[in-house]
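Use these hints to put chains B, C and D onto chain A, whose structure you have.
Chains as they are written, first to last, in the numbering used here: chain A, 81 to 377; chain B, 81 to 377; chain C, 81 to 377; chain D, 81 to 377.
Any given hint might turn out to be false.
Identical copies go unnamed one by one, so any copy, or any two together, can satisfy a pair.
As the list claims (entries may be wrong) - With a straight-line Cα cutoff of 20 angstroms, these simulated SDA-like cross-link-like pairs (lysine to any residue) come out:
hint, residue 1, residue 2
1, 239, 299
2, 239, 280
3, 239, 141
4, 238, 286
5, 238, 190
6, 239, 160
7, 239, 100
Simulated from the structure, these hints should not be mistaken for laboratory data.
4 protein chains.
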Amino acid sequence: MPTRVAFLGLGAIGAPIARHLAPPPFELAVWNRTRARAVDFAHGLEVRVADTPADAARAAQFVVTCLSTSRDVESLLDGPSGLIAGFEPGAVLIDCTSGDPATSRRIATRLAEHDVGFVDAPVSGGVSGAEQGTLTVMCGGDASTVERVRPVLQAFGKKIVHCGPIGAGDALKSVNNALLAVHVWSTAEGLAALAKAGVSPAVALDVINASSGRSNTSQSLFPERVLTRAFPRTFRLALLDKDVNIAAGVAREQQVPSPMLQLTAELFRAAHRVLGEEADHVEAVRLLEEWAQVEIA
Amino acid sequence: MPTRVAFLGLGAIGAPIARHLAPPPFELAVWNRTRARAVDFAHGLEVRVADTPADAARAAQFVVTCLSTSRDVESLLDGPSGLIAGFEPGAVLIDCTSGDPATSRRIATRLAEHDVGFVDAPVSGGVSGAEQGTLTVMCGGDASTVERVRPVLQAFGKKIVHCGPIGAGDALKSVNNALLAVHVWSTAEGLAALAKAGVSPAVALDVINASSGRSNTSQSLFPERVLTRAFPRTFRLALLDKDVNIAAGVAREQQVPSPMLQLTAELFRAAHRVLGEEADHVEAVRLLEEWAQVEIA
Amino acid sequence: MPTRVAFLGLGAIGAPIARHLAPPPFELAVWNRTRARAVDFAHGLEVRVADTPADAARAAQFVVTCLSTSRDVESLLDGPSGLIAGFEPGAVLIDCTSGDPATSRRIATRLAEHDVGFVDAPVSGGVSGAEQGTLTVMCGGDASTVERVRPVLQAFGKKIVHCGPIGAGDALKSVNNALLAVHVWSTAEGLAALAKAGVSPAVALDVINASSGRSNTSQSLFPERVLTRAFPRTFRLALLDKDVNIAAGVAREQQVPSPMLQLTAELFRAAHRVLGEEADHVEAVRLLEEWAQVEIA
Amino acid sequence: MPTRVAFLGLGAIGAPIARHLAPPPFELAVWNRTRARAVDFAHGLEVRVADTPADAARAAQFVVTCLSTSRDVESLLDGPSGLIAGFEPGAVLIDCTSGDPATSRRIATRLAEHDVGFVDAPVSGGVSGAEQGTLTVMCGGDASTVERVRPVLQAFGKKIVHCGPIGAGDALKSVNNALLAVHVWSTAEGLAALAKAGVSPAVALDVINASSGRSNTSQSLFPERVLTRAFPRTFRLALLDKDVNIAAGVAREQQVPSPMLQLTAELFRAAHRVLGEEADHVEAVRLLEEWAQVEIA
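The following block holds chain A by itself, in its conformation from the complex (with noise of 0.2 angstroms):
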């Protein structure tokens, strides 16, 4: 018996993850916003392209989503095109979207009285990750609604983790990602210091990541990134600001003082709202440089 599924949200990690729940014994319906990305997807695969979201989730036993945030997911479910009307009891809401545990919370709720399960599940892995099928995925909600979904989230994930209750995914996603904003930031203050100091960039990180202050960041980002002033564009600011403000939320919510994770709250915002939409969440460093008047390369 094959396993449906619907997919709604086909951008740059949703489609991948797409493509490894298409063939058997998987059954695939999708369903994207700007339809003709949909169209595009199924081309040359054995999917069904769905009208609306309530097409998508008819007759599956799984929805998995994957939007830029929680509020876009919650968009999704009412209106006689809407998940709720299309969701067959039993079912369940496989949430991919880096959300905010207060609104999944909501949409669990709302869905429970549909007899519909739900399951924050935010990826980590990026696109590589995702085309691989090798992402790290982080589950909230109960344990025997995460056991249900587990044969699908290993279809596209290597490390599923069971985190806690509904929110527990979407929490530790962004309290990961704060770190990488802190990691991103913290960097570019020392570099520029140093670089003003006479300190090579190069130098400096070829020694702090022989040493207690290295980070994935110092190790990878900056030297691929920053120092080659590449800044390629595969995360976007703007959903690093995102992510960052929601794990300043849960710390605020959980009544942790946390000033580090709100003074990078505020840094990401302003770089946020000076570099603009398209930029990618190193180009952070920018704003710094801009401050500092050098470049860190």
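Chains B, C and D only, in chain A's frame:
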């Protein structure tokens, strides 16, 4: 012909470094403020215990210092028993202290008047790196002087890096340690918020360490020292506070707006004052735990 | 014809406000969660003690609430004894709580479905302003509703300001209080540093209060409450923490990078947690004094 | 017998101060780096234009300096035409510069070797206070020296305050100005958020100025300079940046954890760098306005 070396400051890092300078081709004299420690060190080795800094420097081609602060080094220069009274013209002071660039420059200027060279050469790698002779050494000074001292540095260091002019080694060491401090504090904020939101710190670290938010701190320090509540005392918070302060000072001196380094300096200043002189650097998380009323375990 | 008013929340500020609404032309019913307080209040006055929020609202043209948080107000709306069950169509809820705009907007939306108006109307001026009827009242709502409630507000307020749409009063009140918090903390930092540098806080305040750095905080709170070590408990730190948090949230919601408001929120969050629920807002300086190991006196 | 005074530094504040020291009982010599300014100043007055600092100091009982930084004062001490070459034993240097305590202490030590006294005496009150002779003067030094210079200070100051040992005047002036900077920035954050939330800055200021969040900044600077978009250039941002940096340095030197002063220093450092040397201090709000994409008007 032996290479005559003097070593001043036989502390936790200094003593194991000095041990590499005792056997041929080196001929070693040692001095320590608490003389008993020098006598203990010399026990069973072919090492001369000097009575004063001047006595240690006499006849030495290289004088190595490894003290708490640059000010401590500076305080050994003057007076009838001070280093300057003992130095041979043409000798070089190699300062392995995690020092500050401004004081290093001042020391170098003083020494140059007596035809004595100077290299700031702080190290990274901890006690075990010192014991195994695998330290990273960050050198500041002119290229020819750095070349002259290289054979001495190679006795205890594996990676010898010429970073830039005098003070460049200090600057780089301080920035590396400031990034360490940033990582310790920000990881603590994130994990405390997650713990209160129902995500266990062990699960969170497992995921972060497979994702973009990882750092040496999340990969080693938190699993081994915080989650276990072991907090071994390997590197004093008081010294990390000093280092962050040096890095923050470099950024200010270089006119680099650096809100994150400055905030980190304040948080470690507060942690140092509240937790005292003997606390380990990783224990800074205890201050955040008190604020958040949660244990990261 | 009398103006029929209900008043809910007879706390430190609520009770003296309500007292102005007891004499003609007003006809007053009161309700308080702890009923004894309502009975005490009514003693010797022509005031009806209501059994429930619904009972208080019955027949009232204006219902005034003065509680700790907007959530407290929201929690009184529903159920058989809730406000909505009692409201007359055409009545208006005047909320004098120092509330948050988002919850106020949600309350207003709920009430509008029952043809009940809403004005957020937080006040400034403290207990003595409430007693003397000289409060400043910051109103959010549509202009015609604000005009309708003005006669009620004038019974206890001297300066009635229409600030903008629903939530505007809350927003402004929270920003005012956040500035108060900024002033308390920054003045403490400055005076602590000066005290340790040999400048007496009394001399410092005398000069600052004649110069450009002066604020209401430096002119009143520090001379009267900190230097004297009196720290009278007039306004709880817990409530100021809440207000700063609201202001910081308004800034985030409006996409205003606001590192200073966010940092202040974290410092007051920490102070609140360390100093407890009963501490006065000015006692936040005690946390800084502990960090700095100096008394501002 | 006349009181012989030398005045060095005829800038925006210096010139009007010096004018009070021209008539009897004073006998005035002036010096300015740009000589033309000294000649202009002397026009129509009984004032001697000196050729060098040494020439100005010759025969003077009191030498008054009013420059941009303590380093500028220090740079006038040495060499054949420097102040030390001209000073009479027993004279006193009165430094009205908004200086830094460490440099002032260094200057005082140098002068003491030549039997010359020192008082740091920064002023507050602006150009109009200088013109009207109503400045507040913050003195650091020993009590007897401050008493000796009091008659000179009274010629241009109304409130003469002995703050503590050498450097105490500088420290207090810097903290006052740092509080001014805190107020400018935090008020801007609050008003920007309110403006975007629908509360006009004029209404907001009207309410805040009747409430606990008021400061001299909200009462004068914002209504007169920001809302009007006038931004008159009365006190350069570059100088306020310097002052905040001095205050932040005092706090660090005194081991006072001071996250708010340090953050303010970074924000003004960034504003100074982005807005340039000629911007007025109140124009720092323009940086926040750019981040927030709103005008406070």
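Tested hints:
With identical chains, the CA atoms of residue 239 and residue 299 are at most 20 angstroms apart between copies only, with a shortest distance of 17 angstroms across copies and 23 angstroms within one. Within a single copy, residue 239 and residue 280 get their C-alpha atoms only as close as 38 angstroms, which misses the 20 angstroms cut-off; across copies the closest is 17 angstroms, which meets it. In this homomeric assembly, residue 239 and residue 141 never come within 20 angstroms of each other (Cα to Cα): the closest approach is 22 angstroms inside a single copy and 57 angstroms across copies. Only between protomers do residue 238 and residue 286 lie at most 20 angstroms apart by alpha-carbon distance; the minimum there is 13 angstroms, versus 31 angstroms within a single protomer.
In the homo-oligomer, the alpha carbons of residue 238 and residue 190 never lie at most 20 angstroms apart, since the shortest distance is 30 angstroms inside one protomer and 47 angstroms across protomers. Taking the shortest alpha-carbon separations for residue 239 and residue 160, neither the intra-copy value of 37 angstroms nor the inter-copy value of 50 angstroms comes in at or below 20 angstroms. When the C-alpha separation of residue 239 and residue 100 is checked against a cutoff of 20 angstroms, the pair qualifies only within one copy, where the shortest distance is 15 angstroms, while the shortest distance between copies is 45 angstroms.
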